[in-house]
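Heads up: the protein sequence lines correspond to chains A and B, in order.
For the first sequence, the residue numbers in my numbering are 1 to 111.
For the second sequence, the residue numbers in my numbering are 1 to 113.
Because the hints were derived from the structure by calculation, they are not lab data.
From a predicted model like this one, the values you see are computed outputs, not experimental measurements.
Just so you know, even glycine gets a beta-carbon here, dropped at the ideal spot from N, CA and C.
Some chain A residues judged to face chain B by a derived CB distance under 8 Å, without partners named:
{"hint": "1", "residue": "Gly42"}
{"hint": "2", "residue": "Leu43"}
{"hint": "3", "residue": "Gln45"}
{"hint": "4", "residue": "Tyr48"}
{"hint": "5", "residue": "Phe90"}
{"hint": "6", "residue": "Gly99"}
{"hint": "7", "residue": "Tyr100"}
{"hint": "8", "residue": "Thr101"}
{"hint": "9", "residue": "Phe102"}
{"hint": "10", "residue": "Gly103"}
{"hint": "11", "residue": "Ser104"}
{"hint": "12", "residue": "Gly105"}
Covered stretches of chain B (in silico footprint by chain A; criterion: 3 or more residues with CB under 8 Å from a CB of chain A, positions within the stretch not fixed):
{"hint": "13", "segment": "43 to 55"}
{"hint": "14", "segment": "79 to 93"}
{"hint": "15", "segment": "100 to 109"}
The lines below spell out each chain.
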Amino acid sequence: EAQVTQNPRYLITVTGKKLTVTCSQNMNHEYMSWYRQDPGLGLRQIYYSMNVEVTDKGDVPEGYKVSRKEKRNFPLILESPSPNQTSLYFCASSSWVGGYTFGSGTRLTVV
Amino acid sequence: QKEVEQNSGPLSVPEGAIASLNCTYSDRGSQSFFWYRQYSGKSPELIMFIYSNGDKEDGRFTAQLNKASQYVSLLIRDSQPSDSATYLCAVKRGGGSNYKLTFGKGTLLTVNP
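Please model the complete structure; the sequences and the hints are all you need to start from.
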């Protein structure tokens, strides 16, 4: 089954404790992206990747890091999480011509 | 000016009616247009995409695009309670910016039995 897999689905952590949210796709898509979704603000792009070793900032990159060492994986790293990063996070992937296929989401709470 | 604008709703229609969802965008270089459905607490699900001016039909859904007016819409015929969700309009510029899918904030649709 074609899918984007994110883990974990839910995560509660404390301020300053580094965390990684994993994302993997099995569709051989070139593009991968991370979005966060907040009430009243909609979906906002954090980082994107056009291919292996090619990444760039989206609209809200502060406090986040990414890497794309393999085509299928695109982890999101929060080096020092803060409460304002509490949000619902989505990983997504896309081919050249299509729309994004989204993962199931990770609900992150930073206390 | 916001890049992609949608009426936040809620839009309430009776079961069996036509629901009309609208979206405007500001970037005239936009080339691809997508409609996603998102149930509460779930991930967005692609339901339609359109690239050319005019109408595109898929089952009960029809997407309409007017690039001159920078307007895209989604019609849902014979609306069902299961169609109750937030509908997100998304726009892609294409070319070198093909990675960037910009979303509107969504319109909440409620279909009343």
